[in-house]
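Novice: Sequence:
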Amino acid sequence: MDSIEKLNEALAYIEEHLDEEIDYSRAAQMALCSEYHFKRIFLFLSGVNLTEYIRRRRLTLAAIDLKESDMRIIDVAVKYGYGSADSFSRAFHLLHGILPSEARNKNIQIKAYPKMTFQLSIKGGYEMNYRIIEKEAFKIVGLKKRVPLIFNGVNPEIAKMYESLTSDMIEELKALSDIEPSGFISASANFSEGRMEEKGELDHYIGVASSMKEVTAFEELRVDAGTWAIFEAIGPFPETLQNIWGRIYAEWFPSSGYEAVEGPELLWNESKDTSNPKYRSEIWIPVRKRKIAK
Numbered sequence: 001m002d003s004i005e006k007l008n009e010a011l012a013y014i015e016e017h018l019d020e021e022i023d024y025s026r027a028a029q030m031a032l033c034s035e036y037h038f039k040r041i042f043l044f045l046s047g048v049n050l051t052e053y054i055r056r057r058r059l060t061l062a063a064i065d066l067k068e069s070d071m072r073i074i075d076v077a078v079k080y081g082y083g084s085a086d087s088f089s090r091a092f093h094l095l096h097g098i099l100p101s102e103a104r105n106k107n108i109q110i111k112a113y114p115k116m117t118f119q120l121s122i123k124g125g126y127e128m129n130y131r132i133i134e135k136e137a138f139k140i141v142g143l144k145k146r147v148p149l150i151f152n153g154v155n156p157e158i159a160k161m162y163e164s165l166t167s168d169m170i171e172e173l174k175a176l177s178d179i180e181p182s183g184f185i186s187a188s189a190n191f192s193e194g195r196m197e198e199k200g201e202l203d204h205y206i207g208v209a210s211s212m213k214e215v216t217a218f219e220e221l222r223v224d225a226g227t228w229a230i231f232e233a234i235g236p237f238p239e240t241l242q243n244i245w246g247r248i249y250a251e252w253f254p255s256s257g258y259e260a261v262e263g264p265e266l267l268w269n270e271s272k273d274t275s276n277p278k279y280r281s282e283i284w285i286p287v288r289k290r291k292i293a294k
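Residue numbers for the sequence shown follow my numbering, so the first one is 1 and each next one is one higher.
Hints in this document: simulated from the structure, not taken from any laboratory.
Possibly wrong hints are sitting among the right ones.
Below are the DSSO-like pairs computed for lysine-lysine, each with C-alpha atoms no more than 27 Å apart in a straight line [as the list claims (entries may be wrong)]:
(1) K160 / K278
(2) K79 / K67
(3) K160 / K174
(4) K144 / K174
(5) K174 / K135
(6) K174 / K79
Small disclaimer: the values here were computed from a predicted structure and weren't measured.
Kindly generate the complete structure, drawing on both the sequences and the hints.
Specialist: Listed below in structure tokens is the structure:
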């Protein structure tokens, strides 16, 4: 519950600063997580990305200002972060369906997007299988590519990476796989800005986990020693996997006593044949025990 309270404190901070620049890193600190994970948890809990939520809240308050005060339209626009009356008018019309000048009319309807708060709701019937392990430092060895972030469906750029693997590459990488998770894995790291609006990019690796010191033929991602939460996903691919990924942030983190830390997220799949209705995957996320607020 402490995690939910901290998330709501971060939301209260955002609400208090809607008429000025919002420090996302400070909000994330209040929520006891990184900026990336704060935005990700917000998305999975609310169903809307944080940038869009803030936009709707600002335009809701802007409509109230126009209706209940004598402020000029340009002054309201600047108050809520718009650089021109034109950009403000476009955004206002997109949400409310009317122009800012029409909002002053007595009988005109405007839309309201209420302030959001989070509550933890425990729902039965949807178990999550996971384990916690401690792991020494290791590296991921294999192919690397900067790819667009896609939340749903198959990422075509990642699919091309798999297609580029030759039989010789596969055999070389198998020989380097000497620690868990065994076999081929994927890793996502170095997320760019805009990632929670599905506009960003990330470094994607396809390879193996290795403890070998000298590897020169492939790209390497060094991973620090630490604690890992490992989640099992069994079902149609990729829908089941993406559902579990969302539930990790929306359900597990707020109630688990753990928080995500900086590091790559790993994915292990049991085989290339994803047509199996009981296809099995594992999601590996670096975590640490959450500090208890005093």
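Novice: A separate judgement is required for each hint: does it hold in the structure or not?
Specialist: These are the hints, each one checked on the structure:
no.: 1; hint: K160 / K278; in the structure: holds, 25 Å
no.: 2; hint: K79 / K67; in the structure: holds, 15 Å
no.: 3; hint: K160 / K174; in the structure: holds, 20 Å
no.: 4; hint: K144 / K174; in the structure: holds, 17 Å
no.: 5; hint: K174 / K135; in the structure: holds, 20 Å
no.: 6; hint: K174 / K79; in the structure: violated, 58 Å
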